[in-house]
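*Asks:* Sequence:
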Amino acid sequence: MTVSHRTRILWAASLLFIGWPVFTLAENAFAPETDSPQGSVAERRIEAAIQMELKNLKTRTQALEKREMELKTLRTEVDKKLTELEKTRAEVSRLLQRKTAQEAVKAKALSKIYEKMDPANAASVLAGLELELAVEILQNMKVKAAGRILDNLDAKTAARLSTSFPALARD
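In terms of full-length UniProt numbering, the sequence shown opens at residue 1 and continues consecutively.
In case anyone wonders, no lab produced these hints; they're calculated from the structure.
Treat the hints with caution; some may be incorrect.
As the list claims (entries may be wrong) - Capping the alpha-carbon separation at 20 Å, the derived lysine to any residue pairs in SDA-like fashion look like this: (1) K99 to E132; (2) K116 to G128; (3) K112 to K66; (4) K112 to R148; (5) K108 to V143; (6) K116 to L133; (7) K99 to L129; (8) K55 to T76; (9) K66 to I50.
Quantities reported herein were computed from a predicted structural model and do not represent experimental measurements.
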């Protein structure tokens with residue numbers, strides 16, 4: 001080897017050994033401080049606070065999901081109850097219409113019976129009936145027969161039945 005070549009190698013080696021600590025110091029200057037007690041405690045506190053907040057958020061999310069499921073279940077139950085209620089209401093309405101129709105048939109049949117009765121006897125029986133039924137019976141009678149029966153009633157009962165005709169017709 002020549003002297004110049006040897007000199008170059010020595011210079012490179014000396015720079016390498018002398019410069020190595022400088023490079024290491026520069027690297028450490030840009031690295032985050034993990035060895036300092038203040039930095040690590042503060043970082044641990046922040047990390048713990050973040051973890052606690054994440055845990056709280058997860059708990060809240062789970063609680064909300066549980067409530068949503070409960071609400072869905074309740075909504076389903078309410079919908080079922082409403083459907084049942086609608087069916088029941090429709091059934092009650094149908095039964096009420098059927099009962100009303102049966103009562104109308106019954107009132108017409110009674111009207112025919114009262115028409116054929118003696119007006120005095122029909123008046124005494126009619127006076128003991130409920131107002132609505134008595135009025136319905138009179139409404140289904142022929143006008144002459146109803147008039148004869150009203151003629152045999154006392155004035156107060158006849159007036160009460162007569163004034164109920166328009167009121168029942170409006171209902």
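*Asks:* Against which earlier hints does the structure fall short, listed by number upward?
*Replies:* Numbers 3, 8, 9 - these are the hints that the structure violates, sorted from lowest upward.
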